[in-house]
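K.L.:
Please arrange chains B and C on chain A, whose structure you already have, making use of the hints.
Chains as they are written, first to last, in this note's numbering: chain A, 1 to 93; chain B, 1001 to 1474; chain C, 2001 to 2478.
In short, the hints are calculated from the structure, not lab data. The structure displayed is predicted, hence computed values, not measured ones.
Quick partial rundown of chain C residues pointing at chain B, CB under 8 Å, derived from the structure:
1. Met2050
2. Leu2052
3. Gly2054
4. Val2055
5. Lys2096
6. Ser2141
7. Asp2280
Each pair of labels, with its calculated beta carbon distance range:
8. C:Gln2290 - B:Glu1023: 49 to 57 Å
9. A:Glu19 - B:Asn1410: 23 to 31 Å
10. B:Ser1292 - A:Asp37: 16 to 24 Å
11. C:Asn2296 - A:Thr30: 55 to 63 Å
12. B:Met1001 - A:Glu48: 43 to 51 Å
13. C:Asn2296 - B:Glu1008: 56 to 64 Å
14. C:Arg2262 - A:Lys90: 15 to 23 Å
15. B:Ile1092 - C:Tyr2089: 27 to 35 Å
16. C:His2293 - B:Gln1280: 53 to 61 Å
17. B:Leu1367 - A:Glu19: 31 to 39 Å
Note that CB positions come from ideal geometry on N, CA and C, so glycine has one too.
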Amino acid sequence: MDKIELKNLLFLARIHAEEREYPEITKKLTNTFNLIDEMNNLDLQGLEPLNNPLELNNVSREDEEKNRNQKDKFLDQSPESDDDHFMVPKIIE
Amino acid sequence: MNFREQRENFRNKKISAKEAVQEALCKVENDKLNIFISNLRDSAEKRAEEIDNNFEKYKDRPLSGVPIAHKDIFCTENIQTTCGSKMLSNFIPPYSSTVTRNCDEAGSVMIAKTNMDEFAMGSSNETSFFGPVGNPWNDSLVPGGSSGGSAACVAANITSISTGTDTGGSIRQPAALCGITGMKPTYGLVSRWGMIAFCSSMDQAGPFARDAFGCAALLDAMASYDGKDSTCSKRDVVNFENALAEDFGALNIGIIKNIEDLGINNDVLEAYEHSKSVLQQLGHTLKEIDFSELSSGICSYYVIAPAECSSNLSRFDGVKYGYRSDQNNISELYMKTRSEGFGDEVKKRILIGTHVLSAGFYDAYYLKAQQVRRMMKNKFEDIFKDVDLIFMPTTLDQAFEKNRQDSDPNRMYKEDLLTIPANLAGLPAISFPNGFKNNLPVGGQFVGNYFKEDLLLNTANKIQEVTDWHKMTP
Amino acid sequence: MAQNDTVINGWQPVIGLEVHVQLLTNTKLFSPAKNKFGEDANSLVDLIDMGLPGVLPVLNEGAMNQGIKFGLATSAKIAETMIFDRKNYFYPDLPKGYQITQLHYPIVKDGIVDLGYKKVRIHQAHLEEDAGKSMHDQYDSNSVIDLNRSGVPLLEIVSEPDLRSAQEAVDYLKKIHQIITYLDISDGNMSQGSMRCDANVSIMRPDSKEYGTRAEIKNINSFKFVEKAINHEIKRQMKILEAGGEIEQETRLYDAVKDETRSMRTKEFANDYRYFPCPDLVPTHISKEQIEHVKNTMDELPEEKEKRFKDQYKLDDYDSKVLCAEKETAKFYEEVVQNCDPQIAAKWIIGELNALLNKNELSLADSKITSSNFAALILKISDGTISGKIAKDILEDIWESGNAVSDIIDSKGLKQISDTGEIEKVIDEILENNKSQVEAYKSGKDKLFGFFVGQVMKATQGKANPGMVNQLLKDKLS
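Next up, chain A with everything else stripped away, as it sits in the complex (with noise of 0.2 Å):
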């Protein structure tokens, strides 16, 4: 894995680092791939993937309300926010 490639990797998991910490990360992913990559002897023609292990049929609920305003605890619980949102520094599209 290359500089750029780190760098977009980190980007996508939003995860920042600095630059002079990138080789001892890509060692210790390169070292951890190492280890995934025994998967490539195995022979796995034909096998369907498997999700979930139980294999169930999902449920579902009828559609009916069941919730209680907690506006004011999630408010409350949230970094910055004012009477009604939750706040962020400001996006810019």
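P.N.:
Quick look at chains B and C alone, frame taken from chain A:
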């Protein structure tokens, strides 16, 4: 004191819930191993009084009057829930997990929340923002992880039961390293509602206790169908405590051919061999099975778990709750909040997960890993046509020194070699103490077919009736 | 495949639409919080919509049924198994950092929307959750977030690139609007964002076998803007290609104020949504029974209603089509004809009432016209109590005042004259003044009878009782 005695003492009014709670809280406050993240003296005493005042109502419930500690991954209403992370160090959930709610209902009293690897990512409890936990047998060693605090809590005799979660071995491995019994139920037996997600398709909550009896009673309390978790199984839950008394007869128990080639240390193997003879003495038949795919679980796990975690942990962005790094630009806010709020291991796994899901890599990694998962499930299904249970060691090693990760991270990942396959396939497994070497416990585990918790607990209990490993305390 | 009449200056536009429709449900797609527009900010937010740690989504059956309805309405394939995926991206109004949507296994596939002159193929329609709302104007250095919309169920309807002009795109969009409002799948309110549209536009030479590079135009939220934005984009692309340039595959934003599309700022890095199956939701099987149940509770489709109107009320193609264009009108019509002549009622709704609605840019619901009052008016017309001219005056009066037809007739003295003496007096006068016509009638010109009736009605300003006029005239002329 084990769970059964403690509950009997409450039921016989030898000790009140409040006395039991105060005794446990005293130990919590004297803890030198960093087992706990929060101590809940006020709410615990109040709850204990309530139970004492309503003795008749609570006395026959599965956990009546017994103090319990919960892993800090379970959200608890109005009580700080950190998941071992700086990101949530100030987080007070306005809701409780189904697991902790069920335990409350069952008559237990939550006295503390236990330390854990950050977001359950780790096998040594060293990735916690709140510092590492010491092993009660030797505090320079790790207790295992990620549910290290919960395992140490029972091993150190602070509470007789505690809860944990197991994504790749996070209950069974610390149970083995601390010398107690711990169980990962079938995926879907216990609700995941309110349990902070690491890898949603593998995470499963389960019980810790000194013995299978305590695990059975705690699992009776924890398991319930929950309409709030779409992956929760709708089947009727059996009573596990009652199942301990049942006679399942002589079993065919699968023993993995050439397991010694997987890098398991000799002391662990010796205990394993001894347990095999105990099983035979109990009338069971050992059948050698071919399971060469076993060790392929690791590579698949280190794709799927990071992939799901990278997505599950995206919600921690500093906007609605939790830690925020104050920045005057939204992009910087995201980047700095997440780099400052998460520890190194978590960040590493997020990066791996982001990479394996990204365009151009999905088929090569994620899809392939899901195929390995299918292979693993197919293999288990084949095996369970011939045997009732599989028996193997829980871990490759006994408890190890702190800071081992620094020298070889992949060695740490491989530590989960024997526990991961059950998670990939969603099968139940129980780890129990089966030896004592170098002044440290050793653990062995059964893996069973789907929803065979009753058989696992029953068989482990039968062993514990004729052995004493589970009675040893530090 | 290209139709010559849609070719502009040697270029064939090729258009596909992605229409997002907010579903009419009580609650959100995965949470039991209320689904409603215009409430107090952040008051309709559940733990799930907040993306709090450890909380889990559970699918709303009502939203699923709305999707099935749309599939049935467009003769589409309804999935035996649908799967929800996560689309991962960071944005402050997306609380989980991913949107739950359907990528490979949507609820609906391969539908058809019939525009009359052409059939447009639906590639797929999938269920997904809406994001919250960010607002940027309240503070100088902050944006604010309202999560009421977070988790509201959407059906994204993706057409094949079958449309060949802006007009076809508008017709298609109107047809989609008709279907979803007819079936109460959505209120279809574009100004409140319950229906939003993105357009994929490219152009090619008519004989070309390959489509050109397309641009996606986002944020088009009215029928008028769809036409404008697409036409503008076609022109922009023609200009570039004719100057020898190349079209960049990109997302463009339609600016209704400046009437232009402009490129959305290219991000530092391309977005990579990292779709994967949502592990919190397992595959959902849709049973034949469930589809049957939805079918049985489903309202009539526009085409079905048109056909029934023709059969039941003996209307012609045109009248039934106009009456069924909007569900509200059709419903109004059916209420009116419970008590009066269906053909006269049709004529008056299509003619005078529609004219009033159009002139005032009002919908029936917002007007003062009620079906019972309107039916009373039609009755007076059909039994000859009032003439068409008076009926028109009365209708305008109802439009303004909302008063009952009978009250208006009373207060304005429009009540019919039923006094024999009074009518006889008028008849005598008319016969006296039209002697030659009387002669002609008596010698066999029967058709002139109508002339005398008309004269009497004119003289009485339409108020004479037509039955009595007929009888008296017959007596006097015999």
